[in-house]
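Kindly produce the complete structure, drawing on both the sequences and the hints.
Residue 1 is where the sequence shown starts when you use UniProt numbering, and the numbers rise one by one after that.
If you're looking for bench data, these hints aren't it; they were derived computationally from the structure. All the pointers check out, no bait thrown in.
Pairs of lysine to aspartate or glutamate, DMTMM-like flavour, derived with a Cα cap of 20 Å:
hint, residue 1, residue 2
1, 451, 401
2, 159, 39
3, 823, 778
4, 451, 196
5, 363, 326
6, 550, 34
7, 441, 248
8, 98, 108
9, 733, 714
10, 340, 477
11, 550, 540
12, 473, 537
13, 70, 108
14, 340, 426
15, 686, 696
16, 38, 53
17, 680, 662
18, 186, 581
19, 452, 235
20, 70, 22
21, 238, 398
22, 272, 426
23, 238, 217
24, 340, 540
25, 823, 7
26, 218, 228
27, 794, 807
28, 525, 536
29, 700, 656
30, 678, 651
31, 591, 183
These figures come from a predicted structure and were not determined experimentally.
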Amino acid sequence: MNVVVVESPAKAKTINKYLGGDFEVLASFGHVRDLPPKDGSVRPDDDFAMDWEVDAASAKRVKAIADAVKGADRLILATDPDREGEAISWHLLEALTKRRVLKDVRVERVAFNAITKQAVDEAMRHPRAIDMELVDAYLARRALDYLVGFTLSPVLWRKLPGARSAGRVQSVALRLICERELEIEKFRPQEYWSVDADIVSGGSDPFRARLTRFRGEKVEKLSIGDRDTATAAADAIKAASLSISAVEAKPAKRHPYAPFTTSTLQQEAARKLGFNAQRTMRTAQKLYEGVNIGGETVGLITYMRTDGVDMAPEAISQVRDVIGRDFGSLYKPASPRIYKSKQRNAQEAHEAIRPTDFARAPKDLRLDEDQARLYELIWKRAVASQMESARFERTTIDLSDASGDLALRATGSVLLFDGFLTLYQEGTDDTEDEGENRLPKVTQGAGAEAKKTHADQHFTQPPPRFSEASLVKRMEELGIGRPSTYASTLTVLRDRDYVRMEKNRFVPEDKGRVVIAFLENFFSKYVEYDFTADLEDQLDRVSAGKLDWKQLLRDFWTEFSSAVEGIGELRIGAVLDALNEALAPHIFPEKEDGSDPRLCPSCNEGRLSLRLGKYGAFLGCSNYPDCKFTRQLGATDEDAEAAGDGDLGTDPESGETVYLKDGRFGTYVEMAVAGEDKPKRSSLPKGWSKADMTLEKALKLLTLPRPVGPHPEDGEIIEAGLGRYGPFVRHGKLYANLPSIDEVFEIGLNRAVSVLEDKKNNPRGNGPTALKDLGEHDGSPVKVMNGRYGPYVKYKSVNATLPKGTEPESVTLEQAMELVAAKQAKGGKKKPAAKKKAAPKKKAPAQKKTAKAAKAKD
1 MNVVVVESPA KAKTINKYLG GDFEVLASFG HVRDLPPKDG SVRPDDDFAM
51 DWEVDAASAK RVKAIADAVK GADRLILATD PDREGEAISW HLLEALTKRR
101 VLKDVRVERV AFNAITKQAV DEAMRHPRAI DMELVDAYLA RRALDYLVGF
151 TLSPVLWRKL PGARSAGRVQ SVALRLICER ELEIEKFRPQ EYWSVDADIV
201 SGGSDPFRAR LTRFRGEKVE KLSIGDRDTA TAAADAIKAA SLSISAVEAK
251 PAKRHPYAPF TTSTLQQEAA RKLGFNAQRT MRTAQKLYEG VNIGGETVGL
301 ITYMRTDGVD MAPEAISQVR DVIGRDFGSL YKPASPRIYK SKQRNAQEAH
351 EAIRPTDFAR APKDLRLDED QARLYELIWK RAVASQMESA RFERTTIDLS
401 DASGDLALRA TGSVLLFDGF LTLYQEGTDD TEDEGENRLP KVTQGAGAEA
451 KKTHADQHFT QPPPRFSEAS LVKRMEELGI GRPSTYASTL TVLRDRDYVR
501 MEKNRFVPED KGRVVIAFLE NFFSKYVEYD FTADLEDQLD RVSAGKLDWK
551 QLLRDFWTEF SSAVEGIGEL RIGAVLDALN EALAPHIFPE KEDGSDPRLC
601 PSCNEGRLSL RLGKYGAFLG CSNYPDCKFT RQLGATDEDA EAAGDGDLGT
651 DPESGETVYL KDGRFGTYVE MAVAGEDKPK RSSLPKGWSK ADMTLEKALK
701 LLTLPRPVGP HPEDGEIIEA GLGRYGPFVR HGKLYANLPS IDEVFEIGLN
751 RAVSVLEDKK NNPRGNGPTA LKDLGEHDGS PVKVMNGRYG PYVKYKSVNA
801 TLPKGTEPES VTLEQAMELV AAKQAKGGKK KPAAKKKAAP KKKAPAQKKT
851 AKAAKAKD
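Below you can see the structure in the form of structure tokens.
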């Protein structure tokens, strides 16, 4: 008996059909072990020993595999053909070795680039041992990410309250987003003018030419900066005696693009399909693992985590046959095209992403919408990559006056043969050669006349914010991270509220900007692009067997731990001074009247400065507590005024001013309380707008919670108030929601007791409601539910939260079961408390115990 282990149950089912009855195929559901999310799981003082943990869900998978192996002759590890897949196989082998079930069992590793019968059978004929050099590269990367996250994050928590965490690649990606935002803020539009003319020569049709020389000087984009100069240039063209000084026609070719890599697929799917990186990779995974075609599950594309750009010889041969058959011999080059990656850190051990069978044209397949669109994109790109080049004729016509002080130029191109463009054109902005811009036949030396001139005003534009596609492209150009991690890295930035998406573009949140400013000032080396890329180069050397992975860690840790130790005694005042300077263009924008942007607008004496609170950074006056002015980061005085910040009046009982403010969690009212260090605050309830706020309303909010009366049973006072989940009444530890804020101020004792009694008898209220019935899986219903904390998938006893941005109505049964499987793989039970270990005699300063440490993702 042969036991085969793959990563996913979908893949297991498909491969089991290919291999037959002598094989039992089981799924590991990804990694079976991981580093426990606590301090000390990687021990630099013990030569970077690493403690691995098998969670409850993974333990069941390992046991099932171990039970199957006990009666087997051979264990075949067939996880994905990349570093991560190699690591999963290694982890599984280690876990099974500890269980002592591998005696007399032959262990082999196979890897296939596509889930087709031919690819699987071929892989089974060529087994090998686990590639420990790839495993070493995984171990080094995992240790680096852990050490950076669990060492740097506590520093952030101490120095920047409200900060979540830092990561080796995550922080560098965030830096790119923040630097682009700073460029936009510093940008000042510049006026410029373009001058064109409609020209005729002899009996030719009119053609458009642009001014290239004026008053003997070359005209570039920004040369003409005002209306008067533009008008003078247009008048000069009208008055000039022009002639054709040169006519040049040159042939040009445009070559097809290489087949997709992971990053180029993510970029193009974002541009053409509007998919984010996660959606692209999720859909590609399904196409790779297989879909049902004619009752058989078939893998439609090759492995989708790759930076290789070439295809296997047999695939090239097949696609050339498809090109000749479907497009004709003119579209098939005389010899196959060979591609080489130009990207830094590229590893070309695997093929590009391509269809497993080019004969499966997109129009012949019945797939769900996302799969159909992505498969068509992959199929067209791969076919086009082996098609003939497009051919153009590019024509340039130069015109000038007799003195040569005035000159114009017209350019045009004519598509002579469309070649690969008949099938595929990249992106939406790559169209400069796709249409025809014909110029008339003119003769050199012939006279010409400007029939009409055009002087148009323009303003320079700031650089655009990064989209997912452009950010992935920039990270790849810089050699930052690996293509397989881009989707998860960008997701982490969003989940930690370091960035938000506006019109599919990344906008850094103030929290993210403060973190990056801190890292750039005090850990600059570790967010430098070259340093991060060089580290990737070293990891590649480890995977190639040219560098010892522990030596890499020793070199990194020596410097990194010293840097962390040096920052330990840094005073908060020094941190704030550095952040005030680094973030000045954002938090202290220049004023039009030239006045000091840091002058407090409330007292006109103090200076505004960055302050750190429990929930993050804000601006406050240096005259605090005499002046209690505060402002959100990035907001101007005008913003604060427009938002309604200011005083609503004076409380007649205490004589204190009542303020209306905009805070991190929305608008709130605030009033100082005599004898207390902190002012009294209350958020505005749902349905109350800033514009309608009055002193009377504010004072009513500040009286909450208010006593309603003693409960008839025990005499304990019932309170009515406004909380995180809206208006409520409370008796002891029992809370009951009220339908409106008005009832908080009006509710009497009898009504309050009745509401509390209803809640006591029906603690779940009406309970979650079903948003969509997805059908059944293995006889049990699967539904999308609307819960207290948002929509989720319910299957048996498993509740799996929908990812942010997912529309409940769009969820399919297949997607739902993927979420359920992922939730099961993580395990739902709390892990038992780890036994305390004796502290080592000597501990690196950056490994100090932290009360809580969240796992820092890359």
